[in-house]
Amino acid sequence: MNDARTDRSAHGGPGRSTDEVLAILDRELSRTDRLRYLTVGLASLVVTAVTGSLWATEPSLPFRTHLAFAGIIVIGTGWMAVAAYLLTRRRPLYAADRVLATGLAVVATSAGGLATTALAGIRGGVLPALTAGAVTTAFVATSAVLHLGARRRRDALLARRRGLARMT
Amino acid sequence: MVIPAVLHGEAGIASWPSRDQSTIAMNLGASVSDCHGDDGGHVSTAVADELVVVRCQLGEREAFAELVERWHRPLWSFVHRMVGDLARSDDLTQEIWLRVVRGLPRLAVPARFPAWLFTLARRVVYDDLRQSYRQVDTDPLAAAEEAGPATEPDDFGGLLDRLELEDALAELAPRDREAVALFHLADLPLTDVAEILDVPPGTVKSRLHRARRQLSTALRDEETDR
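Those protein sequences? They're chains A and B, same order as listed. Note that numbering that gives the first Met the number 0 gives residue 112 to position 113 of the first sequence, counting from 1, and the numbers run on in steps of one. Note that numbering that gives the first Met the number 0 gives residue 97 to position 98 of the second sequence, counting from 1, and the numbers run on in steps of one.
One thing to keep in mind: the hints can contain errors.
To be verified - With the Cβ distance kept under 7 Å, some of the chain B side facing chain A (calculated, not the full set): (1) Val46; (2) Asp48; (3) Gln56; (4) Leu57; (5) Gly58; (6) Ala64; (7) Trp75; (8) Trp96; (9) Val100; (10) Arg101; (11) Pro104; (12) Leu106.
What the hints assert, rightly or not - Footprint (simulated), chain B over chain A, 3 or more residues, beta carbon under 8 Å: (13) 34 to 44; (14) 146 to 159.
Don't read these hints as lab results, they were simulated from the structure. Ideal Cβ positions, reconstructed from N, Cα and C, are used throughout, including at glycine.
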């Protein structure tokens, strides 16, 4: 270490080479981490929605079951918040990742929403099914809007890359 | 009290990213508007720089290697110019890179990357200096100016003290040195420097003018002493 520092002082450059910096940044750039957090967030969303639907459509539940459903919803919401924080602040999604993530969000909200709506229809009747359907539509629409925005951003960057590549 | 390294400025001339000592010395005699002209080389460098940033924003891992390769040394030099200490410069530069990786997807205009990068760097350096000065509840650069020049260079200072221009730069007021570091050493356009320092371009010009005059005088004095 001292030798390295002495060598560095002689040439007056950074103590860490670009390779060392990249090794440090490697974890920050890990796509696996991003996909893991995304999966956690989407799974939490689906579990929370299905549990909420069950809770809302079950006419008579013991007190303990109420508590259990409430607990699951609180924990699910907490994990969604953690995933959202990590994906926006700690491991932000780059353009290509964002397209993939929002695409998965559309799939997950559609599948989870259909399941929730079906469950509400079977167990609760028309009104709960309509309510679940409206909530599902809102989630799917939000995901779709985010997906379109992500695609637009990626396409704009791709077009810019092509333009710049022609100029070099 | 340990004098903060903002006043040391013992980064070697060898660490300067794109201009050697003679080039900088020549530029010291030129007006600000003479520097960073819209020559073809500068434009193509800017295009290549933006292309790397765009590729990074798309999520290309290989592009990050190019981004770090391109900016690590100028970034480290700027940080080192401001904080002086070698180990702190390394740590702060690493912290800045982490913030770059986390913040890059939110950068709206890729062409603004150099200004964004050095604004980020400046914020990290200020935070670090502020911590150093937390007993003195004041602006870190103003406090550094009041403290006067460093009297005790670090272990490597002796090696670098032989470089006259380096010595002269270390004598500059921190605000002037900051402008010189960004404009002459990091090779940024005047508008970018003004944006990073959050002052009008005219203020940058006057800081550079004052710095150049002081450096010219210092270098002339060195010549006379020989």
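A quick look at each hint next to the structure:
Checking Val46 of chain B against chain A: minimum C-beta separation of about 5 Å stays under 7 Å; hint holds. Below 7 Å, beta-carbon pairs count as interface contacts, and Asp48 of chain B has none with chain A, the closest being about 10 Å; its hint is therefore violated. For Gln56 of chain B, the interface hint holds, since its Cβ comes within 7 Å of a Cβ in chain A; the closest pair sits about 6 Å apart. Hint on Leu57 of chain B holds. Least Cβ distance to chain A is approximately 5 Å, under the 7 Å limit.
Hint status for Gly58 of chain B: holds, given a least beta-carbon distance of 3 Å to chain A, under 7 Å. Given hint, Ala64 of chain B at the interface with chain A, holds; its Cβ is 6 Å from that chain's nearest Cβ, closer than 7 Å. Because the beta carbon of Trp75 of chain B sits about 4 Å from the nearest beta carbon in chain A, less than 7 Å, this interface hint is met. Taken as an interface hint, Trp96 of chain B checks out: its beta carbon lies about 6 Å from the nearest beta carbon of chain A, inside 7 Å.
Taking 7 Å as the C-beta contact cut-off toward chain A, the hint placing Val100 of chain B at the interface holds, the least distance being around 5 Å. At about 6 Å, the closest approach between the beta carbon of Arg101 of chain B and any beta carbon in chain A falls short of 7 Å, and the interface hint on this residue holds. Proximity of Pro104 of chain B to chain A holds as hinted, the smallest CB-CB distance being about 5 Å (cut-off 7 Å). Among the interface hints, the one on Leu106 of chain B is violated; its C-beta lies about 11 Å from the nearest C-beta in chain A, farther than the 7 Å criterion.
Counting residues of the stretch 34 to 44 of chain A whose beta carbon lies closer than 8 Å to any beta carbon of chain B gives 0, which falls short of the minimum of three for the stated coverage. Closer than 8 Å: that is the beta-carbon criterion, and the stretch 146 to 159 of chain A has 4 residues meeting it against chain B, so the requirement of 3 holds.
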